[in-house]
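What follows is the residue order along each chain.
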Amino acid sequence: MRVLVIEDDRRAAEYMQKGLQESGHLAELAGDGIEGLAMAQSGNFDVLIVDRMLPRLDGLTLVSELRAAGGETPVLFLSALGQVDDRVKGLKAGGDDYLAKPYAFTELLARIEALVRRRSPQQVETELQVADLTMDLLQHRVERGGKRVILQPREFRLLEYLMKNAGRVVTRTMLLEKVWEYHFDPQTNVIDVHISRLRGKIDKGFAKPLLHTVRGAGYCLRAPE
Amino acid sequence: MARGIAFVRLNKILRTTAFRMALGYLALFGLSSLALMAFLFWTTNGLIARQTDDTIRAEITGLAEQYRRSGTTGLRNIVAERSQNQRSSVYLLTTPTGRLLAGNLDSWPAVQTQPDGWVDFTFERPVGATTETHRARGRHFSLRGDFQLLVGRDVQERVEIGARVRQSLIWALALTVVLGLIGGLLMSRNMLSRIDAINRTSRDIMAGDLSRRVPVAGTGDELDRLASQLNQMLAQIERLMTAMRQVTDNVAHDLRSPLTRMRSRMEVALMEGPGVADYRDVLSASIEDSDRLLKTFNELLKIARAESGSEAADMKELDLSALVQGVGELYEPVAEEKGLTLHFDIAGGVTSRGIEPLLSQAVANLLDNAIKYADAGGNATVRLTAEENGPVLMVADTGPGIPAAERERVLERFVRLDASRSEAGSGLGLSLVDAVARLHGAELVLEDNNPGLRVLISFAAP
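Which chain is which? The protein sequence lines are A and B, in order. Residues in the first sequence are numbered from 1 upward in steps of one, following our numbering. Residues in the second sequence are numbered from 1 upward in steps of one, following our numbering.
In short, the hints are calculated from the structure, not lab data. One should not assume that every hint holds.
Within a straight-line C-alpha distance of at most 30 Å, the following computed DSSO-like cross-link-like pairs (lysine-lysine) qualify [said to hold, decoys possible]:
hint	chain 1	residue 1	chain 2	residue 2
1	A	Lys18	B	Lys295
2	B	Lys338	A	Lys201
3	B	Lys372	A	Lys101
4	A	Lys204	B	Lys338
5	A	Lys178	A	Lys89
6	B	Lys372	A	Lys178
7	A	Lys147	A	Lys208
8	A	Lys101	B	Lys295
9	B	Lys372	A	Lys201
10	B	Lys338	A	Lys92
11	A	Lys178	B	Lys295
12	A	Lys204	B	Lys372
13	B	Lys295	A	Lys89
14	A	Lys178	B	Lys316
15	A	Lys92	B	Lys372
16	A	Lys164	B	Lys295
Note that this is a predicted model, so its numbers are computed, not measured.
In isolation and in its complexed conformation, chain A is listed as follows (with noise of 0.2 Å):
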């Protein structure tokens, strides 16, 4: 994946091009708008991770041109601000996601690979598949190893975010934001009590787990090796 990050805190853009490139994706760094908003009509980039506030030219205005000039390539907004009314601002002018400084890199990690995930061509699902764990999108129905699960609602969003982004990591926060569609931070870790009762649901008894946590970034659901 080749990522874009038009960053002005050149330390701060050098660690997120190591990071990335130690998840083996490619990152190419801008120092400021003009720069940033000329490589990324240029360059052909899966991802932009754009700050906020940029010298010359700021985040919005990127964002907003890049669209009007019908650049469609994903953008990850940064903001040391975070207030509610920026990530709204944020996405009005053409974001795909929002991420407020400070931030884990697993976070923005995560992040990024769901946005290039949403962004594949995709034709309209109606069937989701995980090794031997199936979901009709059109009948609500879940099945392991072709039994069925029995889901309530919001346990089927989960799951159905997670075979979505299926062999990729997503936070806890991500799921808080895509799930259940909130924006603030639990005090204590309620997603991990969601994600245990779905997997009392999906993984109980069988040999082989499906949904794995991942320690210090959030949780995966993939295939068995």
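Please build the complex by placing chain B on the supplied structure of chain A, with the hints as guidance.
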């Protein structure tokens, strides 16, 4: 030196508003007194002068009668007679050559007669062995045969009274001005000393002594009212400063521990020498610590933002019922996991203006606390009702509760009642609830749930 200080002090008094006002009033009062006195003097003086003229005219009428009846001889007799009796009248009758025929004047006054016949002159009046120069006013007639007659009155007394009155008036005016100036100075000095007291207090406060208060004289006048207003403001500022200092202290304390822990962990790891597995452990533990620190920072920021009210513009009409229900359901499995029953009693269709993420966070914090403190087998309740005065949210638990004396304090940042329960969180949860409630103009009340804690948030009617 002392004179120098006294001069500075006087100079200061002279420049006060009170003194300038006193001076202004004094000028106004002095001028009007002067005008009044001048008017009185002028009218009485004029009246007395007219009376003199009238007397002279009456005298003339009498003499004219006598002259008509018995001619110059008769006139001479009556003038001679009247000159003997009348002390305050003056007469002079002379021949055309100027020889004195009768009268009590020695010679014709060396003054030109005015065209209307009146003449103001001075004459020597014998008093005992000597004479006094007296002023007089009279009328001059030329009779048949060029005989000359002067009939007048001694006005010396009138002139003297006039002079005395004028002098008294000038003295009275001078006295008024002096008294006024002294009064103004005293008044200004009194004002100045009270203002100086206020200034001294504010200097002390600026120097850092926030406990100082402006003295109140107890007279209830405008300066007193000003002083008590200032004192109320100072009390409020002191309260805020104390709160802020406490927050800063708490922040420092709560951040120092994890930072120190991280630092020593990494230091020790470096001393131990290479061992990749150990390094990994140290690093991931440090990441966990820094995550906690970041979380604390974020929560502090969130509280600060809610308190600043900068997000108030983002308020919109919200379905409170759905919001509370949603957060409740998010926490339901957590309660079950702990062996608690979470009761829902949520009225439908309750709305209020608010900021969705902040209200969700507040409800989550309350539920989090309720679940954390209720013991297994106990229960927690979430209730939302539409009261007459507006929506009321209640979150209650059957845990240990909070003693009445501590209910104010737990709203402060970083205050944890049970220090031994270190897993009990950051101590910021209720502070944020408090800040969010205030941002929404809602009232936060902590009550006894017998047993446990009951938290009520009363919103204003939509």
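Structure-based check of each hint:
1. As the CA atoms of Lys18 (chain A) and Lys295 (chain B) are separated by approximately 25 Å, the hinted pair is consistent with the 30 Å bound.
2. Restraint check: the Cα-Cα separation between Lys338 (chain B) and Lys201 (chain A) comes to about 19 Å, which is no more than 30 Å; the hinted pair holds.
3. Distance restraint check for Lys372 (chain B) and Lys101 (chain A): the Cα-Cα separation of roughly 29 Å lies within the 30 Å cut-off, and the hinted pair is therefore satisfied.
4. Restraint check: the Cα-Cα separation between Lys204 (chain A) and Lys338 (chain B) comes to about 20 Å, which is no more than 30 Å; the hinted pair holds.
5. The hinted pair formed by Lys178 (chain A) and Lys89 (chain A) meets the criterion: a straight-line CA distance of about 18 Å does not exceed 30 Å.
6. With a C-alpha separation of about 26 Å, the suggested pairing of Lys372 (chain B) with Lys178 (chain A) holds against the 30 Å cut-off.
7. The straight-line distance between the Cα atoms of Lys147 (chain A) and Lys208 (chain A) is roughly 15 Å, inside the 30 Å bound, and the hint therefore holds.
8. Annotation: proposed proximity of Lys101 (chain A) to Lys295 (chain B) holds, straight-line Cα distance about 11 Å (limit 30 Å).
9. As the CA atoms of Lys372 (chain B) and Lys201 (chain A) are separated by approximately 26 Å, the hinted pair is consistent with the 30 Å bound.
10. Taking the CA atoms of Lys338 (chain B) and Lys92 (chain A), the gap is about 41 Å. The hint is violated against a cut of 30 Å.
11. Taking the CA atoms of Lys178 (chain A) and Lys295 (chain B), the gap is near 20 Å; set against the 30 Å cutoff, the hint holds.
12. With a C-alpha separation of about 28 Å, the suggested pair Lys204 (chain A) and Lys372 (chain B) falls inside the 30 Å cut-off, and the hint holds.
13. Taking the CA atoms of Lys295 (chain B) and Lys89 (chain A), the gap is about 24 Å. The hint holds against a cut of 30 Å.
14. Restraint check: the Cα-Cα separation between Lys178 (chain A) and Lys316 (chain B) comes to about 22 Å, which is no more than 30 Å; the hinted pair holds.
15. Of the supplied pair hints, the one linking Lys92 (chain A) and Lys372 (chain B) is violated, its CA atoms being roughly 38 Å apart against a limit of 30 Å.
16. Proximity of Lys164 (chain A) to Lys295 (chain B) is assessed by CA-CA distance (about 29 Å); at most 30 Å being required, the pair is judged to hold.
Of the numbered hints stated above, those contradicted by the structure are hints 10, 15, listed in ascending order.
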